[in-house]
Structures are given as C-alpha cells and as structure tokens.
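For this one, chain A is given, so just place chains B and C on it according to the hints.
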Amino acid sequence: MLAPAAGVILLSFFNWNLLSDGRFIGLANFARLFTDGRLLAVYGSTAYMAFAILAVNVTIGLLLAVLLETRMPRWLRGFFRLSFLFPFVVSSSAVALIWRFLLNKDLGLVNFWLGEWFDVGRIDWLGSSFWAPISVIIVSSWKTLGFSILVYIAGLQSIPNEIREAAIVDGTNAWQRFWRITLPLLSPTVFFLIVINTINAFQLFAEPRVLTTGGPGDASRTIVQYIYDTAFGSFDLGYASTIGITLLLVLIVLTAIQFRVSRRWTFYE
Amino acid sequence: MNSTLKRRALPRPSTIVTTVLTFAILAIAAVAIVAPFLWIFRGAISASDAELYELPPSPFPTEATLENFGKVFEQVPYGRFILNSLVVAGSITAAQLITCSTAGYAFARLSFPGRGVAFALVIGSLMIPLQVTIVPLFLVMSKLGLTNTLWALILPGVFSAFGIFLLRQHFLSLPRELEEAARIDGAGHVRTFFQVILPLSGPALATLGILTFTYWWNDLLMPLVMIRDVENQTLPVGLVLLAGRFSTGSLGTIAAGITLAIIPVLVVFIVAQRWIVQSIASSGLKL
Amino acid sequence: MNRTTRTIAAAALTAALTATALASCAPSSGSDSGEKTLNVVFWDYGPAAQTGNQATADAFMAANPDVEVSLTPVAGENWGTYYANVATLIASGEKPDLMLISGEGAEFIHANNLALPINDYLESDPDAAALVDDIAPGLIDGFTVDGDIVTLTNAWNNMVVYYNTDVFAAAGLEAPSADWTWDDFKATAAALSKDTNGDGTTDQYGFTWASNEIFPGIMPWVANAGGNLTSDDRCEATVDTPEVTKALEFLKGLIDEGIAPAPMPMSDVFTRFQNGSIAMFGAGRWPIGTFVPAGFTSFDIQLYPSDETYKTVFGGSGYPILQSSPNPDLAWEYQKFTVSPEIQEQYVGTPEAPGDSIPSLRSVASTISEVGVPPVSSDLFYSSIDDHDTLVPYPAPAKYSEFESTVLRNLQLIFAGETTIADGLTTLQGELDPIVACS
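Protein chains in written order, with the working numbering: chain A, 1 to 269; chain B, 1001 to 1287; chain C, 2001 to 2439.
Pulled out of the complex, with its shape left as it was, chain A reads as follows (with noise of 0.2 Å):
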C-alpha cells in the first residue's frame, strides 16, 4: 500500500487538475509553499486547536479517570464510564452537524441556557475568529475524551498496590502520593496518549468542516481540510499533494521530538 504514497510524491511535482494532461513543473509546487500566505495561517490554526485537544485530553483525561478510581458502587462507575465513551462511537460528521445546531449563535440551546443559568450574553461560538477555533477544541475534546480516560483507568490499575501501600505506611499524604508515585509510574500511559493524540489532532477534518467551514477566514481551518480543499475544490492535485508532504514531514518531526524527550521523563518499572 506504499503505492497511493509514492503516487502523491509524483504528484507533487505536476500541475494536474484530474481532467486535463497532467504537466511536470519540477520543483514548482515546493516553490509555491513559501509564497502561499494561507499556508502558515492554517498551519497555525492547526498547531493551536491540535495542542489544546492534546492538552484536554491529557490533563481532564488524567482528572476524570482519577476521579473514577474513587470507591463507588460498580453500576456507577459502569454508567459513567459509558457515559464518558459515547461520544467516541459516533462519527464525526453527524455529531458535528449536532454541535453546529446547539452551538447557534443567537438561536441555539448553548447561549440560550448559559444567558438563562450565568447571564453570560451570546457568545458566537461558530462563527469569531477567537470562538470558532474553541469550539473545534470542545466538540473534538468531547469526542475523544472517552478513549484517554479508559487508557488512563487501565493505567492506573496496573499500578501495583504495594507500592501504594507501602507510601502509606510513610506517612505521606493523597497528593503527595499522586505526584511522586501515581504519575511517574503513570508516564509511559501519558507518553502513549500523547503521541496518538497528537497524531489524530493533526489530521482533524471532520470537525472544523461541518461546524465552522474552518472560518471565519482561516481560524479553524486544518491542514487536512486544507489539503483536500485544493485538492477537490480547486482542482489543484499536484500543490494539496506538496502540501501533504510538508504535513507528514511535521508528523514525522513531532513524533521523533516526543520519542526522544519522552526518554528523560518517562519512568518504565
């Protein structure tokens, strides 16, 4: 299946718009990148929502999951757990449609309860340079969340009790006891969950595009919808496929980075 891939590198050296003769233009695609303004605006939208959805996952996956571990009776924590991988089942573009309904600006159920409940006048969720890329971060957040927190609970139950037990008995207290024991031994779960998260945020597509078109102007536009807009929309196959390249160069980049800093702060037993 390497075939489509070298497909694409061919490609980026063409001018090709599907219906007519293809023309070899060499390096000209690679020239365009560094003149194309919307390039690093999208790249940048992009490393933004991608490193906030990182963070949620990561931190309130972290919280939630934490929290679960709590003594509850065994039907509770089935029902939220369930509750919490729901979204995650469901495909992006149908609870994304969901979303552009309840986030409206002045006729959704969002702004509508939050001016009831905290008086907060209507926030234009879908449609501000500063909101729209925020809800992009919520509604794939929301998705993914689920995933993190059952990778963490597992996490967190091969943790062995002994260990636990053994802090105990020193005297120290729960907090104490969640940073210098249950996160170190927690770091390769956190290593895991962000070089996926990592992976899945940069290609996000389906969210941005439903919810917001990847606007107002290029706030929550992804490079992947970039990508396929240049490709579909202006028929322009050889510069969307330079365009991937630079993307799976960026990939190829950030996962060397995490796998090299991840050797000074992951803790394997």
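Keep in mind that the hints were calculated from the coordinates and are not lab data.
Ideal Cβ positions, reconstructed from N, Cα and C, are used throughout, including at glycine.
Treat the hints with care, as some may be off.
[To be verified] With the C-beta cut set under 8 Å, the calculated list includes, among others, these residues of chain A facing chain B:
1. L19
2. S20
3. L39
4. T70
5. P73
[Unchecked claim] Looking from chain B toward chain A, a few residues come up when the C-beta cut is under 10 Å (computed):
6. P1199
7. P1203
8. L1251
9. A1261
Just chains B and C now, with coordinates in the frame of chain A:
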C-alpha cells in the same frame, strides 16, 4: 483478575468534601458529555422537528413516535449499510491486527539490511492523510477493477502506519529475555511470535482494534469516492443520504439514523471495555 | 515486498503517470450487440435523486426500446464534492455520455473541454424551435459560455423570499407585495424580530440568509444593488465596487440591528423557519420538497425587494453531452427527453409530494398552481424569469468552487465584524483576481 478489579488504585478521599466534589465533577462531566445525545434521542422519537428548536426545549416530545426509525429504512437500505459497515470495519480491524503485528514485530526484532530506512519509509508513506492519497488510491482501485466494491474500502485499510508503529513500540518494550528463553527452547521467530509475544500483547492489540474499528466505522471519505451503488455504501454515507440535498432532510429521521448507527458500536464497547481495561492493566501499555 | 504488493505499486505508479494521458485507456462500457447504450452520471443526494433519474431512464428506454440506459450515481455532500467525484471518475478512464451539472458547473466543464455544445443540434433538429420557444431565454443564456450552449436546462431554481404566513399574521403584517423596496423589507423584518419568551434577548428574527452558499446568500442583494461579483465575461472579479459594498452594508446592518441572527448554513435555517424563529429567508424552490412532506404549509413566497434595480437570480441544472460520448446523437435525444413534457411533469410533483425545482417548460411550470402544489404564489417562479431582468451570466467562473469558498471565507470575517466591509472587500478582490482571471 478479580483482585485487580477490586484493587483501589488511588488515594481514598478522606473527607466528605472531597467525595462530594468528586461526584459533582464526575456527574457534571457525564451530563455535559451525554447531553447532546439526549437531544438526538429525543429528536429520534419526536413526531415534530420544529419542537427541537424551541427555546427552551421541552424535555419530552409532545407526541412520541417510532416513525422516524421506519422512515430511515424506507428511505435508504439502512440494514444493508449496517452490514456493509460491519464487514468493512470488521475485516480491516482483523487484517490490521495481523499485518501490523507481524510488520511491527519484524521492525522491532528482526534485523535485516536497511531496516531503519524501510521503517521510516513505511511509517512516512502511511502517515500521509487519506485526503491526500485518495486520488492515487482511486486510480489504483479502478485499474484493479475494484471500485464500487467493498474491496476498495477494505484493501486501503489493510496496513496502517499507526498500527505498525504502535505495535513495534509495544514489542520493543517487552523484555528480550523472554524471547531468548524461547529461542533456547528451540523456538524460531514464528513460534516465538505466536506463543510468547502475542499472548503478552492483548492490550496493545485491543487498543489498535478499537481505534481501527471506530475509525473505519465512521469514515465518510472513502465510500464517498470509491462506491457508486447504493447497495455497497456504508453507514456514514447513509447518514449523508438521509440528510438529503444540502442536509435539508428531516432532523428526526437523521437523529433516528444516528441512533441506529450508535447501537452496534456501543454494544461492542460495553462488551469489550471491561476486558480491555483488565488486559491493559495486567500487562501495561508501553511505547 | 511480495508479488501482489509489487504489482499494486507498479499499477499505482503507472496510474499516476498515465492519468496524465487519459485518452490512452478506454474501457469498453458499451456493448456492440446492436443495442445502443447511454451512460448517465447523476448526483446521488438521496432517494429522490435515484427515483427521479431512474424514472427518466425507464421512460426513455420505454420510448426507445433499442437503447439501454445505465445510470451512474455519484455521491457527494454538495455540488462541489459531486464534481470532484465525477472528475475522479473521468480521470480513471470512464467515459459517460451525459452528466448532470448545475449552472455553476457550466463554465467549469466548458473550460475543461468536457461538454459537447448543442448549438448544431438546436439548428438542425426540427423539434428544437418549438422546444426553445417554451423555455425562458434566461435559462438558455444561463448555460451559454462564449456562444456555446452547454446544455438545455431541465430544471431550475430562482431565488425568492420565503415568509412564514403564521408569523406575519401574528405580527399583524400584510403579505409583502412584489414591488417592495429594501426599506420596506427592512421595516417588515424589524417588525418581525422580537423577544417572545421575555428573557430580554431577541429569539425571533425577521430574516436570515445562507452562510454557506452565495446564490441564496448575498447574490440577490448584490444583483438588486446593480452589481455582480464578476464582470460579464467572468474574467474579472468585481467585488470592491460600490454596489457590492452597498449590499453588504445592508445585510450587516440587519445583523447589527438585531433583525437578522448571525448567518448560518442553509440547512440550519429550514427548521427554524418552520417553527417561526426565523420569519423570512431566501432560497429556490427546493425547501418546498422538505416543508410540505413535513406537514408545514403556512408559508408563501415573494420576489426579493428591489433597490437600484430588480434582477432575478437563478440557477439551473442540465445534462450536457460529454465530449467522451461515443453516441452524441443519442445523447442529444436523451437530453431533449429530459425537457419533454412527460419528464417535466415529474418536477411539478403533487400537493403531497412536490418537486424540488422548477420545470424548464413554461407550459408545464404554469400547471404548478393548477395542480395545487404549495405555495399559493407558485406562479411567481416562472414569471420571475419571463417578466423580469435576470442576472445573466451569473458569476460562476471556471474555478467556481474555489471562487465560492474564497468569497464565503471572507464574508465570514465581514459578517462577524472582524474586518470592515471596505477592508474585507479589498482583501477579497485581491484573492479573487488570480482565481477569476481568464487565460
């Protein structure tokens, strides 16, 4: 197994305040996460679309009905879509578990010339998003005469950079001593792989399985491009068809469609999650 | 790498290369057993599209027993993704005889040499004169590019204002008249905007327009202000003009004064119009196909209000004959068949299941109100294009989807108030210059 479950992993909240706070946070999070679905389910059994837009909405429909579900099957062959989606997502998941584990093992443990380069090449090429490779992919599939068949959806998913990467990292984390012990017992790579490595890889395989299944269960782009006949379409396209021209279809019908699409995956999850958590917990998840 | 993988790799490379020389590989879709075949590509947006096209194909085969029509449904969430998928199909070597396009696609397929112009057929076919006579000239002009007539229009939509008659009655307002002006319109819309649940904020709005399309969005306003987004030859963008500015100022004013909500996609408007939280919006005939089956009939239509001028903004669809067709004469018969009374009557529909576009034949369109298909003022659909100036050619350059997405992307910033109208239009003009340019 049971003892792992009963173990309490975390500091017990010592005061009533922390307990209350804990449950308050969990409850709020659960409600916030589930709320949009309540709206969807309400829409699915509501006779009137307009009601969904009332501000504030009434919690129950004035007239409950199952008609919307009937309409789903009336308008599109939804049963067929569910079956197709199961076949596609199921086959891809099964295939990836095989291909990614063997490839991952090869990259982790076998030494052959150019391994580093090959690994970089595989990971790199497979990491290019589908939105970019889809045109070359379509051309390949049409050369092979496979467009408009489920094969066109399954074959491109057979390999996954993510999966190979995930499993390679997992295999690297396994202690080498185990394999060496197996080798001393006279086991070759194949036997070691099946009898030593795979049994230790339940959680990693499960994680890959879930991610793969849900991804392909929900993928819209591939069927949109590859499939023409309605009979060979999958659920996400079914939702687009229900949504109608420019998504102007009845919201009740769409909501019913979403509800129906959720149920099979949810069942899989309810069954699988306990096992997944246990198996990850018992052998750890390492990259 | 095993053999299969290597074969596939080789196939991919050749594919990527030979895709650049499409003509080389022609699949034999036709049979040579004396039976003639036609391959028709259509946009499969749902059950209605399938049954409609199947009915046309069946009727054609019934009338021409020696012809086999095969339909190729192509999926797509909108016209843009449909075109992309058809292009992919053609790139893979398929050679359909006809494909469904919308008016926005006329320049696109003409520029890519896909369509066979029908000028010669119109001259030589003895049936043509009577046919053309029964079709509004605007509909022919709308599909004419550089003198080439790309296709006959089988169905079309003009942009009209929909208003909820219940909301009008509750507000004690008369039905609007066809000669209303922008000022009348604004006063009406303002009277319809109110806080119905008493929480201190507006929750019923007078008007809104589609944020995700330009035809039911800003175009009628731009046209009536006397402007257009491109020059007549569609070779130059004309958005930084006083006319476009005026139209946007009017619309932005509606938002600022709380008469219109923040713009939303067309589909989000439909239900809100039905439950009365939006009193008026603009669209073609297609909402009727959603409203009436849902049991909602308390609405009527009126022309857009006039300003400097009045121009009917419309869009059509047609089945152009493709250059790749091995059987253009037969394809012409099929295209002609889509505008035969037999097929045109399907687009009228019934009072329970109305069609979602307007028939091209005047004689058939005039039966909509006789048949009793809502709304009451349905005659307005055809008279708007017969009796009024039309926006022809409409602003649909060859790179239409890039053009439209660029316009919409910049409009988002303008309507969200993040840039001034003047600055926003200057930026837009700059971005459109290379997109609209002709070679």
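Results of checking the hints against the structure:
| no. | hint | result |
| --- | --- | --- |
| 1 | L19 | violated, 12 Å |
| 2 | S20 | violated, 14 Å |
| 3 | L39 | violated, 15 Å |
| 4 | T70 | holds, 5 Å |
| 5 | P73 | violated, 11 Å |
| 6 | P1199 | violated, 17 Å |
| 7 | P1203 | holds, 7 Å |
| 8 | L1251 | holds, 8 Å |
| 9 | A1261 | holds, 7 Å |
Comparing the model with each numbered hint stated earlier shows that hints 1, 2, 3, 5, 6 do not hold.
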